[in-house]
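Chemist: Residue-level listing of the chains:
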Amino acid sequence: MTPAAASLAIRGLSKSFGDSPVLSGLDLEVPAGTLATVLGPSGCGKTTLLRMIAGFEFPDEGEIHLGDRVLDDAGSHLAPERRAIGFLPQEGALFPHLDVAANVGFGLARAERRSGRVEELLALVGLEGLGRRLPHQLSGGQQQRVALARALAPEPGLVLLDEPFDALDAGLRAQVRADVRAALQQSGATALLVTHDQEEALSLADIVAVMRGGRIVQAADPQTLYYAPVDTEVAAFLGDAVLLDGLISDGWAETVLGTVPIRGAAPETGSATVMLRPEQISLADTLEEDRVTGTVVGMSFFGHDATARIVLAGASDVEILARATGEQAPRVGQTVTLLVEGSALAFAPPRAGEEEEEEEEEEERDETTATLPVAS
Amino acid sequence: MQSAGATQRVTVSPRLRWKRLGRGRPPAVLLALSAAIALLALAPVGFLLDQTTASGWSEVQRLLFRPFVGRLLTNTALLILVGTAACSILGVGIAWLIERTDLPGRRVWAVLAALPITVPAFVTSYSWVSITPAVQGFWGATGIVTLAYYPLVYLPVAAVLRGMDPALEECARSLGYGPWRTFFRVTLPQTRIALLGGMLLVAIHLLSEFGAFAMLRFQTFTTAIYDEYKLSFDGVGASILASVLLIVCFALLVGELGLRGRGRYARVDPGVARPAPPARLGRARWAALAGLFALTGVSLGLPLVTLSYWMLEGASAGLDLGAVLAACGTSLELGLGAAILTTLLALPISILVARHPSRGATAIERATYLPFALPGIVVALALIVLSLHYLPALAGSTSLLLLAYATLSLPLALVATRAALAQAPRVHEEVARSLGARPLVAMARVTLPRILPGLGAAASLVFLATVTELTATLLLAPIGTQTLATQFWAKASTLSYGAAAPYAGLMVAISALPTYVLTRRLGAVVHPVER
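Chains as they are written, first to last, in the numbering used here: chain A, 1 to 376; chain B, 1001 to 1531.
A hint or two may mislead.
Listed next, with one range per pair, are the computed distances between beta-carbon atoms [stated by the list, open to error]:
1. A/S20 to B/L1115: 49 to 57 Å
2. B/A1279 to A/G171: 38 to 46 Å
3. B/P1104 to A/S20: 55 to 63 Å
4. B/V1111 to A/H136: 44 to 52 Å
Chain A is faced by these chain B residues, among others (derived, beta-carbon under 7 Å) [said to hold, decoys possible]:
5. A1032
6. T1296
7. I1340
8. A1367
9. A1437
10. R1438
To give an idea of the chain B side of the interface with chain A (calculated C-beta under 7 Å), a few residues [unchecked claim]:
11. R1217
12. V1431
13. L1435
14. P1453
Just so you know, these hints were derived from the structure itself, not from any lab. If you're wondering where the values come from, they're calculated on a predicted model, not measured in any experiment. The beta carbon of each residue, even a glycine, is placed where N, CA and C say it ideally should be.
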């Protein structure tokens, strides 16, 4: 079973509903055989993007290519049924009048339906022998897996998944997520999944594309994205971030937490915003000379770890987030020493260098996020 | 990048822009088909109005401003006023007793209270008149149609009371309101939309009713139009009276819309988890029970008992079984034909509204709802006049009769098919298309199986309305075509009560089956259509 996994290329895709722009010049590349997620807050246009790739919406501008086929460009629009793109909507949308086997076999020719392909697909998603069940006799997680099997059945070059785990309760979600990922990998298909859940995006995907204001602001593998976000907004969206004012010189930043080495491209000198992840800040209850100290003012305990909010001694307006293992979590009111591990990222202060280029778009972007209808 | 995009946008041709409106763009065939059906439903009435004005203003004046028309207007106004008020009081009272109190046997009463609607009003009137001619005249007529039509208020009000959030009443009580004040200040305003809708239905039924009033010798517009029509087939007199009736109907429709006003905001979501604790009737429960007994006795028991009596009487006097069965067959055929035709006509409009919503689609849908407010006699007359002038081949044919049935019951079919389509979400068709099915194939394989029950409900509603339809059938049935309704009418008008009974009995029996199916189904189907 080796379907012709295809690469997806989107260039300059734009779409407005009435006066409100939803996508504005979106670019995205997904190499063949990878699992990519599009991550963005609700209402950023993720679902519209997916529906456009599937062919349900007509783009205003831009091109969509799948492998060497043109799906959409200035003059042509390929009908959804001729795209060979699998689609898994949020709620699964199994056909309620058909049993599981008929659902999975829906996109297959009659001969293929009898060839054992349906059983093969049910085995792929771990639901052997449930072919005769009706959709309402399945749990939510099982329904989603059947929907995936149905989408994979005609061996599509690309599978689209629209927040497929959203309707499941938290306990079930992790397991179904793992099963879906395994099934996708085994099938070898290219997959594009949209979600607003950063943990889901990071843990699931080969490539994560962060979407904001109708375009992709950064697309990279999860680690790059987490440790080298293009701006502070992306940084904060992907997880807790500690943002500090700093003074840069020679690859070092002077901050309230001391002097921290800077990695990656950074302004050579001058003031900047310095970003650390909470897990880079370790806490000790032994008080030493010349070390930065602070008081714990709040604590959230998660079991495997804990996040402490700390107000620095001598700089009471700065609040720092630090992550400790659950066992070593400090108590509220305790005085601790803070130590930075590893290096930090530095961002030029907003609107210093890019102002001329970005200003116009920035305004439009604000408007977009404010007036967008909720996509899902 | 941004400016490049802007210039590119300008170069897109207008035709392409239209094409790219995407999901809102209805296929031209569907749009044209829907518009044609709406036109078909409205054309006869438009033609009737045109015909009336074409006869010349002085002629209109001569026929309109005479004491006879004045008397008709007074009669009709009084009838609507008293009849609607009586139906409202009866309907709301019964709904409250059954839905919100600890009355014994509420489940059974809920069914019994709705049943009188299944007996055609002209059959009810027949059963009363056959006992005593004393019921003829205004008060008798008003009383009898009230007993026949109060379920039109009871049913929607009961549905709202059942779904109402009890917290509203509890809040009122905790704020110091007594039970009566709570009912009038909190409960009743909640039912406002349902009550107004029910009142409108009653008023329109009273305006349209012909058989009952003819039987009860109470003259309204419909009976007067029928008499004029009998005098001359293509007379202006009937057309003018029909036009006045038409205007009164529209005035009612507009009036109800105006009264409804901001009421929409007060609507309660039907899905409420907690049922309201029933009010305790105490000793009053026996009085309430006696009242319901009496009401069911006169509204349901009396017509059925009388009917059974006359059936036995008629059977002993010699029954022409062949004629009865022939009429029954004709009624079934016509009902089936109308059901299929009307459901097919409703389908394109429902698809247009459900899948390609737009202002144009809504306008088309609303236009086809209008004939629901039109008396059968007006539609029938309009079709006769239209066919005599333009389509003589159709005049006096079964096709014309079926067309009248379709026009009159298209709204019923629309409500049911639209509700069914609303329950078959678009996403299923999209998934089917992503799996390689072309649009029509996707519709046939995925949507059609889901809406089949809805289509069945639509066909049953039309069938029910057609089998019990009297007025249009009397006017339009081709010579020699005898249905249950026309045969019943012919016998009953000559006071042969025994001979008329089997036809009425069969009509009630035939309409009972689809009613049973519908009450079981519509609870699930009609609900989500309300927005």
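Chemist: Now look at each hint and say whether the structure bears it out.
Modeler: Against the structure, the hints:
1. A/S20 to B/L1115: 49 to 57 Å: holds (53 Å)
2. B/A1279 to A/G171: 38 to 46 Å: holds (43 Å)
3. B/P1104 to A/S20: 55 to 63 Å: holds (58 Å)
4. B/V1111 to A/H136: 44 to 52 Å: Violated: the Cβ-Cβ distance is about 29 Å, outside 44 to 52 Å.
5. A1032: violated (22 Å)
6. T1296: violated (39 Å)
7. I1340: violated (23 Å)
8. A1367: violated (26 Å)
9. A1437: With Cβ-Cβ at 6 Å, under 7 Å, it holds.
10. R1438: Holds, because the Cβ-Cβ distance from B/R1438 to chain A comes to roughly 5 Å (cut-off 7 Å).
11. R1217: At about 54 Å, which exceeds the 7 Å cut-off, the nearest Cβ of chain A leaves the hint on B/R1217 violated.
12. V1431: Check passed: Cβ of B/V1431 comes within 5 Å of chain A, closer than 7 Å.
13. L1435: holds (3 Å)
14. P1453: violated (10 Å)
Checked against the numbered hints given earlier, this structure breaks hints 4, 5, 6, 7, 8, 11 and 14; the rest are met.
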